[in-house]
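Enquirer: Listed here are the chains, written in short residue letters.
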Amino acid sequence: NSKVIQTPRYLVKGQGQKAKMRCIPEKGHPVVFWYQQNKNNEFKFLINFQNQEVLQQIDMTEKRFSAECPSNSPCSLEIQSSEAGDSALYLCASSLGLSNERLFFGHGTKLSVL
Amino acid sequence: QQKVQQSPESLIVPEGGMASLNCTSSDRNVDYFWWYRQHSGKSPKMLMSIFSNGEKEEGRFTVHLNKASLHTSLHIRDSQPSDSALYLCAASRGTNTGKLTFGDGTVLTVKP
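Just so you know, the sequences run in chain order A and B. Read the first sequence against our numbering and you will find it ends at 117, with the numbers running on by one and no gaps. Read the second sequence against our numbering and you will find it ends at 119, with the numbers running on by one and no gaps.
Pulled out of the complex, with its shape left as it was, chain A reads as follows:
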């Protein structure tokens, strides 16, 4: 059973709507990642954090996507204005550190943009 908790499991939105998903990393893991897995199984890195600080993010994330990992609250990933192409499985993962550490994944949030 995954110790990285993601909610909701499924999210259905219309085009232009906001979509927000949350992640609670495994206890004691300071590093959190968001990946997007599309229907062709392609894995795309979106953003990662160490505690509350952004470490790295891709250009796509900087435009319509926003993410945060506030202290003592779940991490979140939000798409401001959903597009059909955003339909995918959004996977959150956490790890113990930054140097070649194993990632532990949650079950993901499956977003469908109609």
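Just to be clear, a hint being listed does not mean it is correct.
In silico lysine-lysine, DSS-like type, Cα no more than 30 Å apart, as pairs [said to hold, decoys possible]: (1) A:K23 <-> A:K47; (2) A:K23 <-> B:K52; (3) B:K49 <-> A:K23; (4) B:K74 <-> B:K52.
Everything labelled a hint here was simulated from the structure, so no lab data went into it. Keep in mind it's a predicted model, so treat the numbers as computed, not measured.
Dock chain B against chain A, hints included.
Expert: Only chain B this time, still in chain A's reference frame:
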């Protein structure tokens, strides 16, 4: 720009057979390779990792790494229907971001 290439895209093996999956990185700065398995509808879970030249065996699973060619392979002997899943290869560098770059995976089907 895909930096981790996996082959084949899909593979069918009979129960009890050997499955061989391949992965190559085009990023010469990577120093760690990972193999994850993702059953349908489930989260990816790490199977094995390797960073030294040579091979590493855990039960029915063996991983090889050739650092010069940045090629790794995963071999599953005595394949079982429960091994049917998406197998993802990932590579990482010892940098300060911790990011893993994943390939597009190999879908393995083990036929009873």
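Enquirer: Are the Cα atoms of B:K49 and A:K23 separated by 30 Å or less?
Expert: Roughly 21 Å separates the two Cα atoms, so the pair holds.
Enquirer: A:K23 and A:K47 were given as a pair; does the straight-line alpha-carbon distance stay at or below 30 Å?
Expert: Holds: A:K23 and A:K47 sit about 18 Å apart, inside 30 Å.
Enquirer: Within a Cα-Cα threshold of 30 Å, do A:K23 and B:K52 meet the stated pairing?
Expert: Holds - the C-alpha atoms of B:K52 and A:K23 are around 24 Å apart, at most 30 Å.
Enquirer: Straight-line Cα separation of B:K74 and B:K52 no greater than 30 Å?
Expert: holds (24 Å)
In summary, this structure violates none of the numbered hints.
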